[in-house]
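Residue numbers (our numbering): 1424 to 2304.
Simulated from the structure, these hints should not be mistaken for laboratory data. All clues given are correct.
With a cut-off of at most 27 Å between alpha-carbon atoms, the simulated DSSO-like pairs for lysine-lysine come out as follows:
#1 Lys1522 <-> Lys1600
#2 Lys1540 <-> Lys1600
#3 Lys2047 <-> Lys1819
#4 Lys1600 <-> Lys1535
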Amino acid sequence: MLDTRYDFKAIESRLTSEWEKAGCFDAVLDGRKPFAIMMPPPNVTGTLHLGHALDNTLPDILIRRARMQGLAALYQPGTDHASIAVHVVLERQWAKEGKNRFDYGREKFLEKAWEWKDYSAGIITTQLRRLGISCDWKHERFTMDPAYAAAVNEAFVTLHQKGLIYRGQRLVNWDPKMQTAVSDLEVKHKEVNGHLWHVRYKFADGFKYKGEDGIEIATTRPETILADAAIAINPKDKRAKDLVGKMVVVPVCNRQIPIIADEMADPEFGSGMVKVTPAHDFNDFAFYQRHKDEADIPLINLLTPDAHLNENAPAGYVGLERFAARKKMVAELEELGQLIKAEPHVHNVGHAERDDIILEPYLTWQWYVKTGPLAEKCLKAADNGDIEFINDRDEKIYRHWLENIQDWCISRQLWWGHRIPAWYRGNEVYVGTAAPQGEGWKQDEDILDTWFSSGLWPFATQGWPQGGERLQTFYPNSAITPGRDILFFWVIRMMMMGLELTGKAPFKTIYTHGLINDEHGQKMSKSKGNVLDPIGLMDEFGTDALRLTMATIASSEDMRFSTGKVEQSRNFCTKLWNAARYLALQDVRWLPEDEAKFDVQTIKHPINRWLVGRLAEMATSVDKHLDAYAFNQAAQEVYHFTWGTWCDWYLELTKPLLRDTDAAVVAETKNVLGWAFEKILRILHPFTPFITEELWQGHTVAEKNNYLMLQRWPVAANWPVDKAARVTIDRLVALTGAVRQARMMHKLSFKIPLNIFRKGEGALPAEWQEISAYLKPLAGVGEFAQRNNPPAAGEATLVVEGDEFILPLTGLIDLAAERERLQKELNNQQAELSKIDNLLGNAGFVAKAPPAVLEQNRDRQNVLRDSTNKIEALLKGPYAV
RNA sequence: GGGCGCUUAGCUCAGCGGUAGAGCACUACCUUCACACGGUAGGGGUCACAGGUUCGAAUCCUGUAGCGCCCACCA
1424 MLDTRYDFKA
1434 IESRLTSEWE
1444 KAGCFDAVLD
1454 GRKPFAIMMP
1464 PPNVTGTLHL
1474 GHALDNTLPD
1484 ILIRRARMQG
1494 LAALYQPGTD
1504 HASIAVHVVL
1514 ERQWAKEGKN
1524 RFDYGREKFL
1534 EKAWEWKDYS
1544 AGIITTQLRR
1554 LGISCDWKHE
1564 RFTMDPAYAA
1574 AVNEAFVTLH
1584 QKGLIYRGQR
1594 LVNWDPKMQT
1604 AVSDLEVKHK
1614 EVNGHLWHVR
1624 YKFADGFKYK
1634 GEDGIEIATT
1644 RPETILADAA
1654 IAINPKDKRA
1664 KDLVGKMVVV
1674 PVCNRQIPII
1684 ADEMADPEFG
1694 SGMVKVTPAH
1704 DFNDFAFYQR
1714 HKDEADIPLI
1724 NLLTPDAHLN
1734 ENAPAGYVGL
1744 ERFAARKKMV
1754 AELEELGQLI
1764 KAEPHVHNVG
1774 HAERDDIILE
1784 PYLTWQWYVK
1794 TGPLAEKCLK
1804 AADNGDIEFI
1814 NDRDEKIYRH
1824 WLENIQDWCI
1834 SRQLWWGHRI
1844 PAWYRGNEVY
1854 VGTAAPQGEG
1864 WKQDEDILDT
1874 WFSSGLWPFA
1884 TQGWPQGGER
1894 LQTFYPNSAI
1904 TPGRDILFFW
1914 VIRMMMMGLE
1924 LTGKAPFKTI
1934 YTHGLINDEH
1944 GQKMSKSKGN
1954 VLDPIGLMDE
1964 FGTDALRLTM
1974 ATIASSEDMR
1984 FSTGKVEQSR
1994 NFCTKLWNAA
2004 RYLALQDVRW
2014 LPEDEAKFDV
2024 QTIKHPINRW
2034 LVGRLAEMAT
2044 SVDKHLDAYA
2054 FNQAAQEVYH
2064 FTWGTWCDWY
2074 LELTKPLLRD
2084 TDAAVVAETK
2094 NVLGWAFEKI
2104 LRILHPFTPF
2114 ITEELWQGHT
2124 VAEKNNYLML
2134 QRWPVAANWP
2144 VDKAARVTID
2154 RLVALTGAVR
2164 QARMMHKLSF
2174 KIPLNIFRKG
2184 EGALPAEWQE
2194 ISAYLKPLAG
2204 VGEFAQRNNP
2214 PAAGEATLVV
2224 EGDEFILPLT
2234 GLIDLAAERE
2244 RLQKELNNQQ
2254 AELSKIDNLL
2264 GNAGFVAKAP
2274 PAVLEQNRDR
2284 QNVLRDSTNK
2294 IEALLKGPYA
2304 V
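Make the full structure from the sequences, and use the hints.
As structure tokens, this is what we get:
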């Protein structure tokens, strides 16, 4: 016998390994139609967090359903080498001993990194298994597998040949701690409280303008003065005609630089003139590009890779750290009397996403992807409908970003990753998948941005560039379902790479979900201490509870997550478990052979017909919502059906049905119980795979190696939806509710049986007679009959759907309370009636509303008129004061 | 500065043109033979505000206010 609680622990671990051993997760290549989704490969830097749980539960729901629908379902697993993230992790470990990667050297570092990868990838994949993610583990990939690395080289070489990858000397966002370039996307701008220092630059050669011997220039980074190359003034500035071409002296280092006319200077801001430091500011570098041919503008790099001042700085500054240099510079300017003022100033400063350090614009040679032509293809794919966005907003963001895209810096001065397949000898550059022939070639020291390789994930995991059956079958993928935060990083990069290298959009449907916050909408972070651990939640509430919660909250907006929500899902699992216990106690099973012997079309009893109809509606609705990636609504449908319809009503109704004297009714009810429960388990399975598998095996007395997860997804199209049965059960529900309410209001224990009389001539009409037997267990009704004499003193009257029902409760109820109850009921119904009266009194409505709506309102109006008239009469008659 | 979104019951959120919904929390009653991780009943909302379109608007349009996210080089 099943326990009253679902003990998930043993079941989960047993099923996880059984499923995998039995090959249930394998993508079957036998000519079936494919359905493929790529797992966003988790970084090999950590452990499962709630984001992963969401990220993997949602596609797994789709994959499990697709598999049950008989498709070749592939959820492609794997891990990402996560270059900079691994560097950060390792260096953080070594920081305790005061070491960094340069103390180890490249070779030793890579050894350590591989050790770390082996350790970390194992953790995360074990945790994903625990989540019940049904991916094809036999084809797990890592972005630095030899075959994958070959694909990365192939991609690089191909794009280079097409002129879409080039090498250039430019300013990049430089991380002085990791000592590497990062891409624009990895820059996070943060507001920082700084200063705006106003500095006096004197004219050269004793020149004076309107009596002044110099000009005022404002800067937030005074140390960069040492690399100043020009002063810009807006050509529209009145002073421009007198000042352009004049020279000023850079303070402290005493070089002479020209004043040049350029739009970049905003006449309204500060003094209207701005210093130009082309090697340390993006704007200024652009200025340099515009004017380098017409004027002598030096490109002075002031910094070492770790942001100390280099030999281009004056003697006293060489070797100083950048902020120390800033301090010294301010002090010296003040000493020289050239610091006019320093005012507090809040400005946006670029920080590195990974290690949060302030980035420096830095002049280096890097490899770039020319994104313009690729972006164009991405936009065209959206125009053509080759891809489809579930959220319109994503498409807007996608387009906007692509329309304003910059070239992508793909080289990193790091060690863990794909080494750039370029070799140098003197001024020669060779790009190829293998080292060039001949002596003296030296390979580029740099590696590729991690997202360059992740961008190949949909096809490089399937055998590209060689090809083969998997690539043929699963590429392009069906959908991609990542977090909104990696739309640019990953989704668009896959689009670019896929379109350019394979000629096809890598997936058809793009669904992105929001990010998980804590219950107050705060981002979860270790420093805030509000991080919830999915492993702990699975330990406490079970994997199914966590998964169901993920489905329930899934949204394209950011989500608020709380333990309470998981608890609610756990309660659902317990409820389901107990529903199964009830069936087992009634000795209801559903053996495989029963399916063939049973035909839903032949079900006769209204209660059973009603249940099948409701089940059909639910199943149809779940499909509709899952097709639209509305996980939350699909989960809600099946949740409410199972709890509200199945448990609260149907199971209660089967109690009298199973005691029916007609053996055929009992047999039919057992069949419907067995059949329908088995279908509910199937529909619930993608959401809560473990409990449904366990219950299914018991319910169907499944043979070894037969699994729910391999059964067919229910198709409800031919299940009968009986409207008459629906009306019957609605009638039963309404009267049951009214009787229960009367019991509560008059404080009548459920143990006291109540007789009930419908007011009317003759015998109880058939439609009420029909439900008579079920009122007793549901509402505690004894005799249910008809009578024509009005309520006597001490009797209560219920008005349900326009009919009066008298409860002879003499001595049990208080007249005043009954009057109050009726009055309240009257008020409610009158309020509703007056709304409908207004609606139907509106000529426009009657003329233009659709007939169905009109009819519905007229019917409702009739019922309400009947009811209100009867209640009014009761209040004036039998219940009058 | 540009773009995008959100504002519905105390809380978290569905609903997105045809009588305001769920879960949690709250109140009362109930350990009735599937389930107290439960059952039954109940209280609670002029769907941010102002206009407009419509026979009809929480739902579509415009504007206002508050909140949030993304992008962006203002010295």
